[in-house]
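Given the coordinates of chain B, assemble chain U onto it according to the supplied hints.
2 protein chains.
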Amino acid sequence: MAEPCVVIIGAGFGGAEVARALRSAPARVILIDQHNYQLFQPLLYQVATAALSPADIAEPVRRLVRGQRNVEVLLGEVAEILADERILVLADGSRIAYDILVIAAGSTAAYFGHDDWAPFAPSLKSISDARSVRSRLLRAFEEAESTDQAAERNRLMTFVVVGGGPSGVELAGSIAELARYSLAKDFHKIDPKSAIVLLVEKGSRILSPFPKELSDYAARKLKALGVTVQVNCAVKRISETWVETDEETIPVAFAIWTAGVKASPVAKTLGAPTDKSGRVETNRDLSVPGFEGVYALGDSALVHDDKGNSLPGLAQVAKQQGKYLGRALARKLQSKAPPGPFVFHNRGNVAVIGRHAAVIDFGWLRLTGIVAWLLWALIHIYLLAGLQHRLLVAVQWLWRYLTYDRGARIIVEPKAEGDSSC
Amino acid sequence: MAEPCVVIIGAGFGGAEVARALRSAPARVILIDQHNYQLFQPLLYQVATAALSPADIAEPVRRLVRGQRNVEVLLGEVAEILADERILVLADGSRIAYDILVIAAGSTAAYFGHDDWAPFAPSLKSISDARSVRSRLLRAFEEAESTDQAAERNRLMTFVVVGGGPSGVELAGSIAELARYSLAKDFHKIDPKSAIVLLVEKGSRILSPFPKELSDYAARKLKALGVTVQVNCAVKRISETWVETDEETIPVAFAIWTAGVKASPVAKTLGAPTDKSGRVETNRDLSVPGFEGVYALGDSALVHDDKGNSLPGLAQVAKQQGKYLGRALARKLQSKAPPGPFVFHNRGNVAVIGRHAAVIDFGWLRLTGIVAWLLWALIHIYLLAGLQHRLLVAVQWLWRYLTYDRGARIIVEPKAEGDSSC
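Protein sequence lines correspond, in order, to chains B and U. Going by the numbering used here, the residue at position 305 of the first sequence is 340; the numbering climbs one at a time, nothing skipped. Going by the numbering used here, the residue at position 349 of the second sequence is 384; the numbering climbs one at a time, nothing skipped.
For reference, chain B alone in the conformation it holds in the complex:
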């Protein structure tokens, strides 16, 4: 009899862990991803701000599972899940049958009904996004240098980051450092240090998942870097050259959207109940109620802990779920008793603001300043997949620390306002 086929949609932090944990399981495993690499999203903002190259934070999926004979890697986009037939339909029309399905498809940016803003306010979820933001940022300074009109120059040196979560904070801080340090000496007519970076947050404070004292610290440090932090401030409209908040209309080079995510659309095609973010409601063992043999995790799943709180969309949640589910499936395939429900172990929340400034919340311990910053760097080097990536990122960070220079200051994407997809 043929071995059962486990199909995993998504080779991110969650999906790849499932595949790895099935190493010795009696199953044929198919790991499908629309990219041939696993992206280390926590450092994507550094690609967007010219500090790292895309490949530095992208590990080939095939290398992640190299040597695992029972895992097949498939480059493809899943268009639809036909749950009744236990079949996946790919975007190219081909079909894949599964016995067990793991939905670990991650998330995309959510503009909450304003998808028309996307061309003017790219998000930061993919390598293409990061390249686009990098080119737009660097080009804005080039254009500011070559214009004769003061108002236009000011517009071109104004950047708005929408969303004060960890991604928004890290991005805003990094743009400010790019302007203040890396570009400072390279222009004649403009002073990059005078660039305006605006961080707009709808809620009452930035870094809302963190304790208030850490939010306050981050706000102070961002201000010291020259970032203008506006809380209780909602964005009402975004166009090619301005952003309208409920307080003012600001001419901007462009905006960057970090204000929300939704589950990748494939999750919804299963037909199971989802929340408003498109996440599949999942049992505590990550199985989907009413869909025998179907599981969801990470940003594709709405999972509750024993207190009834839903688990946050964090890399560490997805990774732990992936490891848990992979082991659980291995037991199932060997007809062993199932494990208890998934329990999330919080390894700590981290966000970096800039040089010598980060916040870490371990629950039992809160850190700020240079200690948190160093720990942040070590954790991220450690978490990167592949020794070569660790080495390359470490070299580039050390270089930047010593010289303030950034090595990836290239504008390659053609100028195309309204086209962030190229």
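Keep in mind that the hints were calculated from the coordinates and are not lab data.
A pair counts as met if it fits within one copy or between any two copies, since identical chains are not told apart.
With a cut-off of at most 27 Å between alpha-carbon atoms, the simulated BS3-like pairs for lysine-lysine come out as follows:
#, residue 1, residue 2
1, Lys303, Lys450
2, Lys220, Lys354
3, Lys358, Lys220
4, Lys224, Lys450
Chain U in isolation, oriented as in the chain B frame:
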């Protein structure tokens, strides 16, 4: 009285040297390039074969001339030279007046009347080209892995490099090594080692600028790597899925064009006589006859040496010409006597085939094997602009040497046969 304005078109090896040599000259210098970086073209094939990232071989123009107060860098594309008015017209319509003009605009791929082949056979002249080739190469192996049809699989694992000059040889060798070593263990259904790499050269031997014994050595080493070298073989037609030579029609994943270059089109707009490659015929002091104050160099210029031979389109020629011309212009601006004509000093020709295999021709000395290979690596690290780039490239080379792995195996460009520009 305002200082004279020296405008340099192109911040490549030649143009940047002119700007640097004018450091202390009493002139306003404007350095225009369509990119914000200087590309180290000799290593572009390594980006195309996933060994390096684009930013590793791209140095921001502003950093090249950092601290030089009399040099303005301008990101822009020159559409036309209005020689009578001493004005440049940029693609965006803006105009720049010059007193002295240096045309150092480099070259683009020439398909010799077959521009319709370009979508199927990208060239390797820009970062976009290299990214496109990289994505196509890696995607071909992915598609070969997922197809069930043997003929299609064979097609997807066949690559043709057109042109047996140094670029073609280095690219063919690197593709073969990618398949043979870096990808070898990562697939289940296909054996990447069985990929066919065909190097097609119209002339009677590859590396024709080198002595015959070095050509023969290179051909032997390519064969040992699994590259099929076909000399005296002209390409008659190229389509999306096959290449027709005067010997056979071969189904291929795609072809890569390294068979010819022509001067960037702006040179022609000057209105001076050009050769069939679009190069401006230039006096031996690099001035353009009949155009007072206009100079050309590098791939934009047709310059003869004292024996009447035209100088080859090499980085070292452009660099030496740039240094010569910059100094000559500095003397002219200070009303000093002009120097003698430009004399090219051959620093040696180098081409690498693969691990432990390269050829170097110093004229008085010919090297092959591991010695040439090591020297090749040292020379290229040395020639890279910027210590950070040297460090990053060295780390990646060392890593690759030890592990056979390549760090930049990412497919980002969308699949778009017939569109190499994205």
